[in-house]
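Asker: With chain A's structure known, arrange chain B on it following the hints.
Protein chains in written order, with our numbering: chain A, 1 to 249; chain B, 1 to 249.
Worth double-checking, as some hints may not be accurate.
Any copy will do: because identical chains look the same in the list, a pair fits if it lies in one copy or spans two.
What the hints assert, rightly or not - Listed below are the simulated DMTMM-like cross-link pairs for lysine to aspartate or glutamate, each with C-alpha atoms no more than 20 Å apart in a straight line: (1) 242 with 116; (2) 242 with 113; (3) 164 with 200; (4) 213 with 52; (5) 6 with 223; (6) 103 with 116.
Everything labelled a hint here was simulated from the structure, so no lab data went into it.
Number of protein chains: 2
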Amino acid sequence: MKKNTKVNAAILIIGNEILSGRTQDTNTSTLATWLNSIGVIVSEVRVIPDIEKTIIDALNILRKDNNYVFTTGGIGPTHDDITAQSVSKAFGLKYEIHKEAFKILEAYYKPGEFNDGRQKMVKMPENAELILNPTSGAPGFSVENVYCLPGVPSILKSMLGSLKNKIVGGEPVLSHTISLKTVESEIANSLTKVQDQNSDVEIGSYPFFHAGKLGVSIVLRSENQSRIDNCISQVLEFVREKNIEIVDR
Amino acid sequence: MKKNTKVNAAILIIGNEILSGRTQDTNTSTLATWLNSIGVIVSEVRVIPDIEKTIIDALNILRKDNNYVFTTGGIGPTHDDITAQSVSKAFGLKYEIHKEAFKILEAYYKPGEFNDGRQKMVKMPENAELILNPTSGAPGFSVENVYCLPGVPSILKSMLGSLKNKIVGGEPVLSHTISLKTVESEIANSLTKVQDQNSDVEIGSYPFFHAGKLGVSIVLRSENQSRIDNCISQVLEFVREKNIEIVDR
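Excised from the complex, chain A in its bound form (with noise of 0.2 Å):
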């Protein structure tokens, strides 16, 4: 099967944790880290509070302009967690009970346990396909393309195996970063002309300050590894012109 070139995907974050400042969004980095490695270009991120509308609005939108939409937060069990809810008002489906979501808590926990607090985590829009959870029990879930994923960063992660199988990437995106011991105005001119000569290779340019170095990573993204070689020979030559130090490439 051939494979698009291009597959893309939003991130939708549900929280008013992430928008008080109280907590520091990870999700994001580690969904867009996974995605870009099987050939999904993150085409937009959005972070939006626990409010119905909000979310069904912004859901219509992200499912419309990209092949896939992940979801993150607001599965639980408590009051604040609406997005099976906001899910199933989008793709205008019925709120119900997942049978074999039902199955997997009733063994998951003791015998008296999966009360009334846990049995919310089984509501899902009917019909939902379920994305397993190693680590705590409560299964995701997907409608077309939409996958909804909890909020947790390690439970998120330990569901990205089941999910491997069901997303369907293009072309990877190659990358390679060459760090200058430099600043940005000295490259910038240079590194315009590349980008003008390869307008198919994403060239980003970002300064950097780590222990104690002061210098600006050249980042090179494309399908093409011989695109991308051809870029680093142009910008070793003027690196190599202006003498500037190389700390890694």
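Answerer: Frame of chain A; chain B shown alone:
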């Protein structure tokens, strides 16, 4: 002057490096924490790529829906820094050399060092207001309700001081956290009752796993301390009844 009770803001993170997973964004957390402390509610965060049309479209939506928009990234000297020209287009303004910014950077650099690359950093929408940069010279800028900041976290942080007098918040949102040694499903029903009786307090429930401890943090947020206090009493009542250990309050 009576403050508006609700002042909101959106954060627009401009940068391919976040979408590729290469860089972990921390500016959202920095800005959100600061904005909340001055009474500005963050209603939405978007992370978008370095694509002019995408930046313009997002800006034009967010600046209408919010009292303030803060952008991060894309104001450096390289070809992938296109925030200033995109903001100019979004507002239909000329993109030109800002005289005051030019003077600042001319004085900042040694004679002969204020080269073409660096001069790009003083091109801005006409009549933009500067946001001074005590770390690395090159200022940010604002146009109407849109404030453009750099992507490098340490530089962004150092510029918030000069924004203090420009951003007028509403009533600060007060917050109180009670951390319990329990799991969410044990308290879900009780917490729903508290939320139902206190619709003007935002009650969040967040599982945590750290330092070998597993528990739930209940976060109570409101502009009104007495309403928070009322919720605290109600939470502590069910905590006592259920004999749940309090980790922190």
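Asker: Would you mind marking each hint as holding or not holding in the structure?
Answerer: Taking the hints in turn, this is what the structure says about them:
no.	hint	verdict
1	242 with 116	between (68 Å within a copy, 16 Å between copies)
2	242 with 113	between (69 Å within a copy, 15 Å between copies)
3	164 with 200	neither (28 Å within a copy, 42 Å between copies)
4	213 with 52	neither (46 Å within a copy, 32 Å between copies)
5	6 with 223	within (10 Å within a copy, 46 Å between copies)
6	103 with 116	within (15 Å within a copy, 66 Å between copies)
Checked against the numbered hints above, the structure violates hints 3 and 4; every other hint is satisfied.
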